[in-house]
Amino acid sequence: MNIQQFLTIFISSVFIYNVILSRFLGLCPFVAISKDTKQAFAMSAAVTFVITASSAVTWLIYRFFLLPFNLAYLRTISFVLIIAALVQLIEMVIRKTSPVLYRAFGIYLTLITTNCAVLGAAVLNIDMFFVDGKAVTGSFYYTVFQGFCMGLGYTLAMLIMSGIRERLQLCNVPKAFKGFPLVFIIAAILSLSFMGFNGFKF
Amino acid sequence: MKDEFIVSGSPHIHKKESISRIMWAVVISLIPAGLAGVIIFGLDALWVTLVAVISAVLTELTLQVWTKKKITIFDGSAVITGILLAFNLPSGVPLWLPVIGAIFSIAIGKQLFGGIGQNIFNPALVGRVFLMASWPKYMTTFVKPFSYDALTSATPLAALKEGKILEHISYFDLFLGKHGGCIGEVCILALLIGAAFLLLRGYITWHIPAAYIITTAVFIYIFGGLKLFSGDWLFHILSGGLILGAFFMATDYVATPLTARGQLIFGVGCGLLTAVIRIWGGYPEGVSYAILMMNGATPFIDRYTKNRIYGSK
Amino acid sequence: MKNLVKEFTKGIIKENPTFVLALGLCPTLAVSVSVANGIGMGLAATFVLLGSSVIISLVRNFIPGKIRIPCFIVIIATFVTITELCLKAYSPVLNRALGIYVPLIVVNCIVLGRAEAFACKNNLLSSVFDGLGMGVGFTLALIMISALREFLGSGQILGYTLIKGFEPVFVFGMPSGALLVIGLLLGLFNILKNRKS
Chain A
28 MNIQQFLTIF ISSVFIYNVI LSRFLGLCPF VAISKDTKQA FAMSAAVTFV
78 ITASSAVTWL IYRFFLLPFN LAYLRTISFV LIIAALVQLI EMVIRKTSPV
128 LYRAFGIYLT LITTNCAVLG AAVLNIDMFF VDGKAVTGSF YYTVFQGFCM
178 GLGYTLAMLI MSGIRERLQL CNVPKAFKGF PLVFIIAAIL SLSFMGFNGF
228 KF
Chain B
294 MKDEFIVSGS PHIHKKESIS RIMWAVVISL IPAGLAGVII FGLDALWVTL
344 VAVISAVLTE LTLQVWTKKK ITIFDGSAVI TGILLAFNLP SGVPLWLPVI
394 GAIFSIAIGK QLFGGIGQNI FNPALVGRVF LMASWPKYMT TFVKPFSYDA
444 LTSATPLAAL KEGKILEHIS YFDLFLGKHG GCIGEVCILA LLIGAAFLLL
494 RGYITWHIPA AYIITTAVFI YIFGGLKLFS GDWLFHILSG GLILGAFFMA
544 TDYVATPLTA RGQLIFGVGC GLLTAVIRIW GGYPEGVSYA ILMMNGATPF
594 IDRYTKNRIY GSK
Chain C
48 MKNLVKEFTK GIIKENPTFV LALGLCPTLA VSVSVANGIG MGLAATFVLL
98 GSSVIISLVR NFIPGKIRIP CFIVIIATFV TITELCLKAY SPVLNRALGI
148 YVPLIVVNCI VLGRAEAFAC KNNLLSSVFD GLGMGVGFTL ALIMISALRE
198 FLGSGQILGY TLIKGFEPVF VFGMPSGALL VIGLLLGLFN ILKNRKS
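Sequence order for the protein chains is A, B and C.
For what it's worth, the numbering used here labels the leading residue of the first sequence as 28, then goes sequentially.
For what it's worth, the numbering used here labels the leading residue of the second sequence as 294, then goes sequentially.
For what it's worth, the numbering used here labels the leading residue of the third sequence as 48, then goes sequentially.
Isolated chain A, as found in the complex:
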């Protein structure tokens, strides 16, 4: 477990293999909610929180329950249920402890259950940090950090896109491309520019 591995995880999760622009996870809210910066930030904050929490919980369940009992094939079902339950729990806690926070991003929490990004992150963590059914050293910390960085990458893409879309409201975009088509093309250009970080090595 060394700092270089953490730095690599950071650069690859945020820039090179950005959750939205490269792995295409969480696209539905990306095109739907990126119109407004405040909403985009609220959604991204919720996503980051849930991804980090669920990365931790799913790792624990996988390591201490699924693996020892040879139930690895139940990974998909159990992860989905865990994430759904976790989101419910987080929503309840936030609603009780901070109505302000709940008003800010509570509604997005329900949408996150079916957000590919959360389930995708959980599955990716397992694929990357378990080798031959055993956890690599520092696996848990890498997993949680990677989840957090994927949330950061999600936030970065959402904020850039919402800034651009707000600016575009003043522009004469050709009618046929207004909305979804242009969002994808902008995402394509962003994806191309993030390619500058390919081959990153400390």
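Keep in mind that the hints were calculated from the coordinates and are not lab data.
A quick note: this is a predicted structure, and the numbers were derived from the prediction, not measured.
You may find that some hints are simply not true.
Each computed DMTMM-like pair below joins lysine to aspartate or glutamate, with the alpha-carbon atoms no more than 20 Å apart [to be verified]:
| id | chain 1 | residue 1 | chain 2 | residue 2 |
| --- | --- | --- | --- | --- |
| 1 | B | Lys599 | A | Asp63 |
| 2 | B | Lys437 | B | Asp466 |
| 3 | A | Lys228 | B | Glu455 |
Since chain A is already given, all that's left is putting chains B and C on it; use the hints.
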């Protein structure tokens, strides 16, 4: 109709400048670099540039005729995009490459956003990164300078990335452009002449280029060498597309922040990204990517560096 | 009978999940690098869609409204796990190519969307045809996009070189190319739609 109205509060200041005047001035400022490119790399450089410019103008004309919009090809902006795209290409590329690049730059990088004044990203760079991702082999095959029969050579930055030093190249050689590279990026002397013209006439301000170049130099100095504080910053300033990018592409009126403070932030951001990619990234050069990323961040920078509204506290 | 045919065909053009409803774009973009992968994902998703539509339609009157989404998810997840295991056993190459997007069929908006919007409100036969139509529409969209990307990005389709001496445009094999293709296709369909009206 919407193309015409610019709404802003008074007071209004009237100057002789119009869009065309500024654009054509930039075209003129790029002529020295173009001449240098042709001298160093041969007539191929001229053909590439002409093809890029003609394709850019024709693409804009076609799109505007087809969508029954006002025809603006004479304002010089398409010409600039064509020239800048060509200046970012090696002279030995097959001629269909700048054609496709120019079409992509104008159609997708500019017209799809609504045309002049509305593009988020620098159109020439959009075209360039598209070409780089699509045909990397052609985009990284550079011709040896003055060797008009197409011997290939590496660029100084590429050699540095691989750990070799390009045979005895002096700072003066770098300054004059006697090395492999893209058509318009190598001759620093010619580029600076053009940049001085633009600065003196007030068509660009010093904020972005200064912030960009100084940040890159400082970062390279600190982290770019084998030990801390031992980086060869002069080498880096004179190599690659930094001067071309800092003075001619990062200063694009539309795709960069409006206020001086925002522009400084923009320049610093570009500098950091360029330096980081050059030192630790897989590619030897990061100018195009850095500028595009900062173009994407510009709406954000603008939001948080808004000017004081005239008359308010 | 006519109604059933209509349920089937609406999934292919009028309510095509990818181009009209803009659902399930995550796997579409990720998997469309080659036509083989596109077909594989399309078939897998269709299987899950069909299976879950059948079961959900059958038990729709027994699931209490408040917990219906978690119930749907469990049912869908079961079929996805079956698909995962079958792919691992009979087609490990395809499984590796599709990667994390196989388990992600669980949260594929198309599957959950159809369950919520149709299968839980309609009888068995209609649900079957609806699920099948959506699945086929999805597969066709996948084939279209991956054919474009594979041909432009590598000059081949399904491994066969179509035009000799074609210079592949590598960007189309990359994520950026996928986003470009989908953006341009959506814009193109809009142009056609505007022209018709």
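**Message:** Check the hint pairing Lys228 (chain A) with Glu455 (chain B) against an upper bound of 20 Å on the C-alpha distance.
**Reply:** Holds. Lys228 (chain A) to Glu455 (chain B) sits at ~13 Å (cutoff 20 Å).
**Request:** With a cut-off of 20 Å on the C-alpha distance, tell me whether Lys437 (chain B) and Asp466 (chain B) pass.
**Result:** The given pair, whose Cα atoms are some 13 Å apart, holds under the 20 Å limit.
**Message:** Tell me if the straight-line CA distance from Lys599 (chain B) to Asp63 (chain A) falls inside 20 Å.
**Reply:** Holds: Lys599 (chain B) and Asp63 (chain A) sit about 18 Å apart, inside 20 Å.
Going down the numbered hints, you'll see the structure goes against none, and every one checks out.
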